Every structure is written in structure tokens, then in C-alpha cells.
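Read off the chains here:
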Amino acid sequence: AQSVAQPEDQVNVAEGNPLTVKCTYSVSGNPYLFWYVQYPNRGLQFLLKYITGDNLVKGSYGFEAEFNKSQTSFHLKKPSALVSDSALYFCAVRGNQAGTALIFGKGTTLSVSS
Amino acid sequence: DGGITQSPKYLFRKEGQNVTLSCEQNLNHDAMYWYRQDPGQGLRLIYYSQIVNDFQKGDIAEGYSVSREKKESFPLTVTSAQKNPTAFYLCASSRIQGSTGELFFGEGSRLTVL
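First to last, the sequence lines map onto chains A and B. Those letters in the first sequence? Residues 1 to 114, per the numbering used here, in order. Those letters in the second sequence? Residues 115 to 228, per the numbering used here, in order.
Accuracy of the hints is not assured; some may be wrong.
Derived Cβ-Cβ restraints for the label pairs, each shown as a range [stated by the list, open to error]:
| hint | chain 1 | residue 1 | chain 2 | residue 2 | range |
| --- | --- | --- | --- | --- | --- |
| 1 | A | Y61 | B | G212 | 22 to 28 Å |
| 2 | A | V83 | B | S136 | 33 to 39 Å |
| 3 | B | T191 | A | A1 | 24 to 30 Å |
| 4 | B | T214 | A | N17 | 43 to 49 Å |
| 5 | B | N132 | A | N17 | 48 to 54 Å |
| 6 | A | N68 | B | N198 | 35 to 41 Å |
| 7 | A | P18 | B | S187 | 40 to 46 Å |
| 8 | A | S86 | B | R127 | 28 to 34 Å |
| 9 | A | G53 | B | K197 | 41 to 47 Å |
| 10 | B | N132 | A | V83 | 39 to 45 Å |
Covered, in the sense of this in silico footprint (three residues per stretch, anywhere, with C-beta under 8 Å from a C-beta of chain B), are these stretches of chain A [said to hold, decoys possible]:
| hint | segment |
| --- | --- |
| 11 | 32-45 |
| 12 | 100-111 |
None of these hints come from the bench; they were simulated from the model. From a predicted model like this one, the values you see are computed outputs, not experimental measurements. C-beta atoms are modelled at their ideal positions from N, C-alpha and C, and glycine is treated no differently.
Isolated chain A (complex conformation) (with noise of 0.2 Å):
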């Protein structure tokens, strides 16, 4: 069965820091694996997705994520942290098939300090 894990329910950082959100997985078969972000009573927003190729993938509003088959990891990071990237992080995975569903996480809160 797939699942994901995300280890920390929250992050602190000061603004200006790196961070890392920390997401592992569990899929037979090649990943499909995703970040999203959550605002207060808010929708889910794509930020970036690793299906192969390059182990570091790039996505929106300066975050990356890094694949990593041998820990079966795919870390959530950012070179400087903002007080506007505080809010609710889920790592996602996906087998093989498309248009089966999304298998999320717990979610981690971001909160950045200023």
C-alpha cells in the first residue's frame, strides 16, 4: 500500500533561514510524488510534483524539493525563508496509474518568524 509520511507536525524558522519540510514514502513502483500549500480555509495549491529525471525539482515561489530513491525521501526546502511562506504543508504520493487519487500526508505548519 502507498502512504506517505511527514515526521514533524511543525517547523520553526526565523525569516531569512533555510528551510526544510521533511516528507518520506512508501509506493511499489516507480513515484509520483507532490507538494502542496495550504492557506487558512483555503484550497490546496500545487507547488511542485517529481515524476523522473532531475533529483531536485523546482516549483513555485523559490521552493524546491529534493528526490531521494535510496531513503525514499522527497524533501521540501527553501534557500531564505518568508513570514508569507507560513502556512500548511502536504507531501503527496501517486503509483503508476493515472487519475487514481492522491495519498497525503498528515501535513507539517510552517510557521516563519520575523
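Place chain B on chain A using the hints.
Structure of chain B alone, referenced to chain A:
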């Protein structure tokens, strides 16, 4: 603009009442999904549909029902059999052919049982 429209944004229900949440998309996507979000539990899949007049149960389908009579519409009914319906409900859609799997989300509907 293309997108997914969920209505109503907020809904209050008395115990024992059925309620229907609307989800409409004009993205010409084949697949549509309903997720439930509770604090600290991430997103859990209720139902999804890959084609008109067909749908599959997700992980927490008990107490819910759906229909897919049109490609653009995927309403969710929360029945009185759902024991704890207070939650934030998210509708999403995706392509199937040529898709890399990302879902596009609506802005959500918050249901509160009084």
C-alpha cells in the same frame, strides 16, 4: 477563468439532516475527487470518479454518497449516517490522458453540525 468551484463555502446542518456539497469544474478534466480534511489528519479520500456514471469508494466512504451525471459536476451528499460530519471538504480534479497526476483543488466547503 478555468477552475473548480465549490459551494457553499460554509454550511450548517442539524443532526439527522442530509446535505449536498456542490463541485463544478470547467477544466475539461476527466477525474474528480472528494477529500475530507480534519485538523492533524491530513486529507482522506472519500470518493473519486474517472468517468461519467462511474465512481469508486475511497478510504472513508461510509455515510457519504456521490453522483457523476455530467463530466463537469461531482456533488457529494453527507447523509445522516455519517457519525461525525463536521469537517472541511475539498473537491479536486485532474486529467487522465497525458497527466502527470497533479490535482487541482477547489476552495473547500466547511460543514458544521449543530
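Hint check, failures only: 4
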